[in-house]
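Asks: Residues per chain are reported as follows:
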Amino acid sequence: ETGVTQSPTHLIKTRGQQVTLRCSSQSGHNTVSWYQQALGQGPQFIFQYYREEENGRGNFPPRFSGLQFPNYSSELNVNALELDDSALYLCASSSRTSGRALDEQYFGPGTRLTVT
Amino acid sequence: SQQGEEDPQALSIQEGENATMNCSYKTSINNLQWYRQNSGRGLVHLILIRSNEREKHSGRLRVTLDTSKKSSSLLITASRAADTASYFCATDAKGNNRLAFGKGNQVVVIP
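Protein chains in written order, with my numbering: chain V, 1 to 116; chain D, 1 to 111.
Here chain D stands alone, though its shape is the one from the complex (with noise of 0.2 Å):
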């Protein structure tokens, strides 16, 4: 089974509302990174946080991490319609030498 599974699955938005989406995984982790994915293209990292780390920014995005809960919420603010794509979360397991990526949620934000 994928250790990472995003909800919702699809998200659609007005431009400059905020979108969030929500990652679990089972087993216990070294970190935890969300990657973005335009039109079946090449995927971008967006942000890693680690297992002993609780919240994290950058920019317009805000990532939380609860490892008692194995659970990761990413949140966007103001969005642009630049930022409709597919976003993943992937774990880095401990003992394990790859990320692990959930199926992955679609969003559209609309102009």
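Only chain V is shown next, with the shape it has when bound in the complex (with noise of 0.2 Å):
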């Protein structure tokens, strides 16, 4: 168990339909990253919030966006969802000062989102 919760942990929406997943970091982590990981594929990056501001973006499209709360919880929103869009949506937490690399990452256990 690494202290990172996600919710919900399993959805079904439709295509068109607007989806929020949740995801509360570790205590003391003040870095909130979000992955898409299809199946059978490594996690995509799709972004990184340090201290409620977005920090590093991946090659995803405006319609997935993001927000970190001053109690560094966060959010992903995607709009307008497609098909493709069905995959794992993993959070990691993880505690950096501005600058320096990435250590390890803690990951929730994911939210799985399946568009019809």
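Keep in mind the hints are simulated off the structure, nothing from the lab.
Don't be surprised by glycine CBs; every beta carbon is placed ideally from N, CA and C.
Some hints could be false.
Unchecked claim - To be clear about the criterion: a stretch of chain D counts as covered by chain V if any three or more of its residues have a C-beta under 8 Å from a C-beta of chain V, and this derived list gives those stretches: (1) 11-18; (2) 66-75; (3) 91-98.
What the hints assert, rightly or not - Not everything, but these chain D residues come out facing chain V in the computed CB check (under 8 Å): (4) Q33; (5) L48; (6) N52; (7) F88.
Each of the two chains sits in its own frame; use the hints to bring them together as a complex.
Replies: This is the structure we're talking about:
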């Protein structure tokens, strides 16, 4: 158990709908990263939040957006869902100082999103 | 393209044997990390090796890093059925704020 929690565990949505996924980071961690993992693939970086600001973004369209709150928990929002958005969404928390290399990431169990 | 590319993709071994996985990457890195994932659940951090290190041990795990060849290997010694999982390497490239994961190795340890 890493202390990182995600909700919900599973979610089924229809194409065109919007979804919000939530992540509570491990106590003391100020950085949250979100990843999308398609079946049989490695996780793909979506974006990272450090002290409530976006601190890096992967190759995902603007309909993927996020927030980080003062308690360092985070949300991932996806608008206009497409079938290809079906995947396991993972969040990972860590503690870092700006400019430092990434240390180990503590991953949550993930949210399995199915878009029909 | 993905930073990490593991080889081989799937490995089936008998309990007690050693399992070796390789990973290659393309750019300069701060560190390289290995993670384990069981049955599509969250990833568990196994070991981190920094760019100025060549070898690191943690229990039954041994990781090597060759920055001149841009490659790493993960060795699991005396494998157990509980080691059955997918294993991913991930690189923290210089100038980025992200981990880039490979496609993963699926390891099956037969009791």
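Asks: All hints, please: hold or fail.
Replies: To see whether the hints hold, each was checked on the structure:
1. 11-18: violated (count 0)
2. 66-75: violated (count 0)
3. 91-98: holds (count 4)
4. Q33: holds, 6 Å
5. L48: Holds, about 6 Å.
6. N52: D/N52 check fails; min Cβ-Cβ to chain V is 11 Å, beyond 8 Å.
7. F88: holds, 5 Å
Figure legend: structure checked against the earlier numbered hints; hints not met, in rising order: 1, 2 and 6.
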